[in-house]
Amino acid sequence: MSNIPKTRKEMPLTPISYPTVGSMGKTGFWRTFRPEVDYSKCTQCTLCWIYCPDAAILRQEDDSPKIDYDYCKGCGICANECPVKAITMHREEE
Amino acid sequence: MARMIIDAANHIAGYAARAARVKVVAAYPITPQTTVVEKIAEFVESGKMDIEYIRVESEHSAMVACIGAAAAGVRTFTATSAHGLALMHEALHWASGSRLPIVMAVVNRAMGAPWSIWPDFSDSLSQRDTGWIQFYCADNQEVFDTIIQAYKLCEDERVFLPAMICLEGFILSHTYMPVKIPDQKEIDDFLPPYKSGWILDTNHPLSHSNLVSPEWYMEFRYMIQEAMENAKRLIPVIDKEYRERFGFEHGGLVEKYKCEDADLILLTMGTMGSEAKIAVDSLRREGLKVGSARVRVFRPFPIEEIEKLAEHAQMFTAIDRHISFGMEGFLATEIKASLFNQKDALLVAGFIAGLGGRDVTSEAIGKIAKKSLKWMHYGKVEREIEWVDLRE
Chain U
1 MSNIPKTRKE MPLTPISYPT VGSMGKTGFW RTFRPEVDYS KCTQCTLCWI
51 YCPDAAILRQ EDDSPKIDYD YCKGCGICAN ECPVKAITMH REEE
Chain R
1001 MARMIIDAAN HIAGYAARAA RVKVVAAYPI TPQTTVVEKI AEFVESGKMD
1051 IEYIRVESEH SAMVACIGAA AAGVRTFTAT SAHGLALMHE ALHWASGSRL
1101 PIVMAVVNRA MGAPWSIWPD FSDSLSQRDT GWIQFYCADN QEVFDTIIQA
1151 YKLCEDERVF LPAMICLEGF ILSHTYMPVK IPDQKEIDDF LPPYKSGWIL
1201 DTNHPLSHSN LVSPEWYMEF RYMIQEAMEN AKRLIPVIDK EYRERFGFEH
1251 GGLVEKYKCE DADLILLTMG TMGSEAKIAV DSLRREGLKV GSARVRVFRP
1301 FPIEEIEKLA EHAQMFTAID RHISFGMEGF LATEIKASLF NQKDALLVAG
1351 FIAGLGGRDV TSEAIGKIAK KSLKWMHYGK VEREIEWVDL RE
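Protein chains in written order, with this note's numbering: chain U, 1 to 94; chain R, 1001 to 1392.
One chain only, chain R, in its complex shape:
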């Protein structure tokens, strides 16, 4: 039977791994991720999960252990943050290139130096080009649901790619919220056991992902791109099926709020999307036509949805919890790139906010919206990149 529990998002990620019936978890602790794998360890210790729990000496080893397990045909899970994710970087390419549907919770934490344990997206966005699907969650229920959905997506033979489920450290990871855990049998119906295309088997030995000459390499890259395109089509379908079965839907690729008649649309990721909705309600009360679009999936990037949103709006404002030094936030970059070949491209402004865990409140988002509206009326973006609440 389905039940409601009140727990922190990290623990919820553990519940989701258990509900997905993962068989192997290999992980190394790092703040703020640690309580994800602690919860799983507790499940193993109390006999609630019968899995191979591999304690390793580094995040690189954790990912490589997951690659080996997934190649042996079992469902695998891991979790990390920030520098742990950076240490995995090389192995991330091996997971996607080998087409292994590993699911990993990334509890977002800002990169050092200087040290920070608080959230921004600099860790996961640095892994943008590794061939991993990237989801960004806005609440604890979404963390649970997205992990279940991700296995369904990644294990689809049209996809066969790994996915990161990103959730901001502390804002979500250690915050308690009510979450509905569906009935296990219903989850099993939604998510059948993993069937891999090929497996490592000592009785039928093979090796995978070997050296290929220039005459073959490009085709393998193209197939990953094709899989990403397939994922883009499947994510909204899976999200809809999930709603029909379990009652929750998270917007597919982009969660839109009051966008239909909006002049200005605020584009965000993660928990800023929840704050943006509150900001939109407050701005609407002042008669300002503002909408919110939370980009839930960053890879594959929802180009077509962004284009469609642009049809009726006059301006987009991207709020990035990230900076690509020497350029701007990735969300702003991707949105501009998505629109560039359109006939009447609209104004796009980029705001940098909330780095290293600085709070991005609905009030702050309201101020961003008002500044954007001013620029919209001028018909010109005053500054390409605007840093929010920066000290003089």
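The following block holds chain U by itself, in its conformation from the complex:
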């Protein structure tokens, strides 16, 4: 939803934003470290999905995570929270 006003008369009294996917562009390119999931270790506890501050982890049918690399900024919180070390961080260029 992008209704950019042209004149002052079309402007709201205060800026109002509606939630949209990727309004700031694909922020995944900010990433330095990339989380990778070892599905053989994953216990489907969903902690990574709960803790992801950018909602960039999708919860699959079987509760295992799927990382959305278009928006994952590589903060590493999921890897830190994972109780079975199923998520590891890797340098992007590697």
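What the hints contain is simulated information worked out from the structure, not anything from laboratory work.
Since the structure is predicted, the reported quantities are computational estimates derived from the model, not experimental observations.
A virtual CB, placed ideally from N, CA and C, is assigned to each residue, including glycine.
A couple of the hints might just be wrong.
Unchecked claim - If you anchor each label on the Cβ, the simulated ranges turn out as follows:
no.	chain 1	residue 1	chain 2	residue 2	range
1	U	Ile16	R	Glu1363	51 to 57 Å
2	R	Asp1188	U	Ile50	45 to 51 Å
3	U	Leu58	R	Glu1219	35 to 41 Å
4	U	Ser17	R	Tyr1053	28 to 34 Å
5	R	Lys1195	U	Ser17	19 to 25 Å
6	R	Pro1205	U	Gln44	26 to 32 Å
Starting from the known structure of chain U, arrange chain R on it as the hints suggest.
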């Protein structure tokens, strides 16, 4: 049915919040404001008000809670004084910038250090530039009426701004006077439920007042200025409608008394305006042509009314219960600024009086007027700022 009660202005402010059917009150106690929210707490406790009463850990939180409630589309009220108001400062900008019609009673108290609990306008005037409308009251009836009027004004879509209703601590806050409380149904007719332009709703999520780049920011500021201009036009209209319905009128933007033929006009705010009227009567008995103009609304500032008052007078004297250190009182400054581009600007003198609750009696105002008249006859203001009753 309308009824007369005798009560203190702080309690009357509570009655007004109840009559306005506010839905959320968030407040933190501070002298001399405390009895405002105590009265509301009593109404809630006794089942006379069905509201969300939010007890918070600071005035900053009180204002932020009101912002959240107003953004969710409900009528909100709070009250504070002095350092509590100062602590709110940052949030005050958020309320006005988000265009939320919050109404707040500010029970004026001098700022420390040194500590004082007695009144002057240094607390509310320090918030002059926050985008809040500011009313200053002269008696308890005006406190009630102005709170009701303020909701009507602030919730008008041409305004959508918050307002402070300022009343001097103790002189009004704890002083009992008779007040007419109009019939609730008639108040409901005058003040319909609040309809906001946008609301926070979990079913239709949005965020407001977000980051804007330099290419948009100025327009948002301009719209606040426009809203202030609209408020300036609407305040006298609302005050008049209120009189027609309820019998009380408070002068719109400026309450004028015997100004038509006055050589000298005394400009005041708040309760000094009531004392000034007594002073004017006494000076008139001596044959001195003096009038009184009580500036009831400080923001938006009534420039046009001040200009009009200047047409027939020879001199203005501003009496400030306030000092902007290194300059003068704000009332004097604003009056001079209002007149500056006029062809034959008149003399303006500024007197500082009543700081920290020192009494400003009609006799003191009479003396100020006589000194002013002397300067008027010389054709020169002897001193730009004159402190009244200052110890040697």
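Now for the hints, and whether the structure bears them out:
1. Ile16/U - Glu1363/R: 51 to 57 Å: holds, 56 Å
2. Asp1188/R - Ile50/U: 45 to 51 Å: Between Asp1188/R and Ile50/U, where Cβ atoms are some 47 Å apart, the hint holds.
3. Leu58/U - Glu1219/R: 35 to 41 Å: holds, 39 Å
4. Ser17/U - Tyr1053/R: 28 to 34 Å: Because 31 Å falls inside the window, the suggested range holds.
5. Lys1195/R - Ser17/U: 19 to 25 Å: holds, 22 Å
6. Pro1205/R - Gln44/U: 26 to 32 Å: holds, 28 Å
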